[in-house]
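> Based on these hints, arrange chain R on the given structure of chain Y.
Protein chains: 2
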Amino acid sequence: MTIKDIAAYCGVSVSTVSRVINDHPDVSPAVREQVNEAIRKLHFVPNNSARSLVVSRSTAIGVVSRGVDNPFLSLLIRVLSREIHDRGYTMVLHQIPTQADEIQAAALLQREKKLLGVIFLGGRFNYTEEELRQLTVPFVCCTYTNTFGNLSSSAYSSVSIHDEREAEKAVRLLVDNGHRRIAVVLDDPADNSIGQLRFQGYRRALEAEGIDYDPALAVVTGDYAMSAAYDGVCRLLDSGADFTALLAISDSLAIAAIKALTDRGRRVPEDCSVIAIDGLEMSSFTVPTLTTLCQPAEEMAEESVRMLTALIEGTGVHRHKLMETTLRRGGSVARLARA
Amino acid sequence: MTIKDIAAYCGVSVSTVSRVINDHPDVSPAVREQVNEAIRKLHFVPNNSARSLVVSRSTAIGVVSRGVDNPFLSLLIRVLSREIHDRGYTMVLHQIPTQADEIQAAALLQREKKLLGVIFLGGRFNYTEEELRQLTVPFVCCTYTNTFGNLSSSAYSSVSIHDEREAEKAVRLLVDNGHRRIAVVLDDPADNSIGQLRFQGYRRALEAEGIDYDPALAVVTGDYAMSAAYDGVCRLLDSGADFTALLAISDSLAIAAIKALTDRGRRVPEDCSVIAIDGLEMSSFTVPTLTTLCQPAEEMAEESVRMLTALIEGTGVHRHKLMETTLRRGGSVARLARA
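Read top to bottom, the protein sequences are chains Y and R.
Here the first sequence stands for residues 4 to 342, where the numbers follow the working numbering.
Here the second sequence stands for residues 4 to 342, where the numbers follow the working numbering.
FYI, nobody ran anything at the bench for these hints, they're computed from the structure.
Hints may contain errors.
Pairs count within a copy or across copies, as identical chains cannot be separated in the list.
To be verified - Straight-line distance between alpha carbons at most 20 Å, and here's what the computed EDC-like set of lysine to aspartate or glutamate pairs gives:
| hint | residue 1 | residue 2 |
| --- | --- | --- |
| 1 | LYS7 | GLU134 |
| 2 | LYS172 | GLU210 |
| 3 | LYS7 | GLU132 |
| 4 | LYS324 | GLU167 |
All of these numbers come straight from a predicted model, not from anything done at the bench.
Chain Y on its own, in the form it takes in the complex (with noise of 0.2 Å):
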């Protein structure tokens, strides 16, 4: 029994049938009574998944992207749609805000659908063995290792950047330019994420170059909005402080210090260089166009699902792969003038 065989014994198309079985209104109500009584009658269960149990395969991945105001997420998770969806998988998109704790949603999600497999999009550093024992299939953390926590580097996957070497390049870019008052702007220096890892890199770049840390020259934001960052940098610069550049730990948060900068009359780069690292497409539409160290996310994305569909195929062991920055020249750094 098909629903040909309705259409058939109403004499109406497969169509009309079908609109009938989805509620849709544009059937005239003499029809769909018709219809209907034909579905009774002939005991007929219309086979689509709105009203069937339907015996499947599970083919879902869950992606777990924690910080929904981080517009670089937003093009990771456009790239693992897209591998994730022609690996012939399923991708589960599950966004929750940077107070959030990632492994406690992803566990849930694994229940509730049935996933193969999690890509976790900026999370902690600091899993432990215990915490992970809720999730019990493979994942990948995509953007960040587990520098902090205790988890064997053979129960997990990871691809990222060394996030701590890449600030410290960053600075030391500033340094060659003959900056040595730099200013920091990041989310939160112990978050056990990536900020602490790129203030740790700001940090050891300075000691290296035997520049004081000077606490007054850091805007905390909490987490990484622009209005955040805008409002830091302003009572930055309305405090007096003396600095010649600064380095924000994403590009989004370094649009945000170009804007505050240029309306409080600082021209960047004349009277302040500005760089980051993540390298969105947006931050070339800075003015001027913002340096920063490019992360290669199309391959960040396009390695963690291939990783992790090995890991589902059971084809492959887990890996961490470590990938490196490029440097993108826009005109927010300059050599410092003064004497």
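For chain R alone, kept in the frame of chain Y given last:
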């Protein structure tokens, strides 16, 4: 028979058994062999979704997003993700390029993923009944409606702004500030979509003000790529075209236009006013802040999910909701100074 029985039988922890089942490599070969032996002997079938066939009712809602270059859509996806999840459904996100056909993509997705319904983000406005036969689940057009097609309004739902009227409003604001030479930056004046409608609004506003339309002032980018908008506005400036204001049909195109104007030595708004439609957070951080008509993105996404779940649950009929923008007065529009 559960994983606990296997653990007790072998005298190992539950997590060790779990690691063996999930092929985590951090288990000694001897223990691995022992656990696998017990699994065989006790005929244990691991009950996780990676291995077993599961009987389940689909909870999948498809979100088909066309135009991956548009950051406005990322914002909507974030809200859709939250709303769909909170109502107990699963978002299956599929992002397709601007050139791809969203109906075909959705029909395929419907079959593959057993969708209960579909939300389209950023599609064409010219669907025909024939095309829509492929899709047998209810759908909602989010951010647009079927202006150019022949669908009965009772066959689908939509949440949109009145694109034509909003573009008219934007141009009128420029005219009210004394501008009569107004350029336009758009993807395509005949895209059967938002570009076409907003372009019609631009033309209609000029006409109403008795201003002749000058095709030389239309920058057509082909899609929403910011680089194309940047290049297009640079070419327009290099051609010596005379204009004192510019409407970009989206914020991201406006951000690129402001960059082009500034790089070519034109001050915004002193030498050229810029207005747009969308209301991205990012465009609050351009220099100057972009003046734009903000779409109620959060509300649009929420309403779309509300409509679709009501249809799925049989408590709603197809509806069409028109929403209004609100003007964000940035600093990118100024009264025309010259005589």
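> Could you run down the list of hints and mark each one as holding or not?
Status of the hints after comparison with the structure:
| no. | hint | verdict |
| --- | --- | --- |
| 1 | LYS7 with GLU134 | between (53 Å within a copy, 18 Å between copies) |
| 2 | LYS172 with GLU210 | within (13 Å within a copy, 56 Å between copies) |
| 3 | LYS7 with GLU132 | between (55 Å within a copy, 18 Å between copies) |
| 4 | LYS324 with GLU167 | within (16 Å within a copy, 49 Å between copies) |
In this structure, none of the earlier numbered hints is contradicted; all agree with it.
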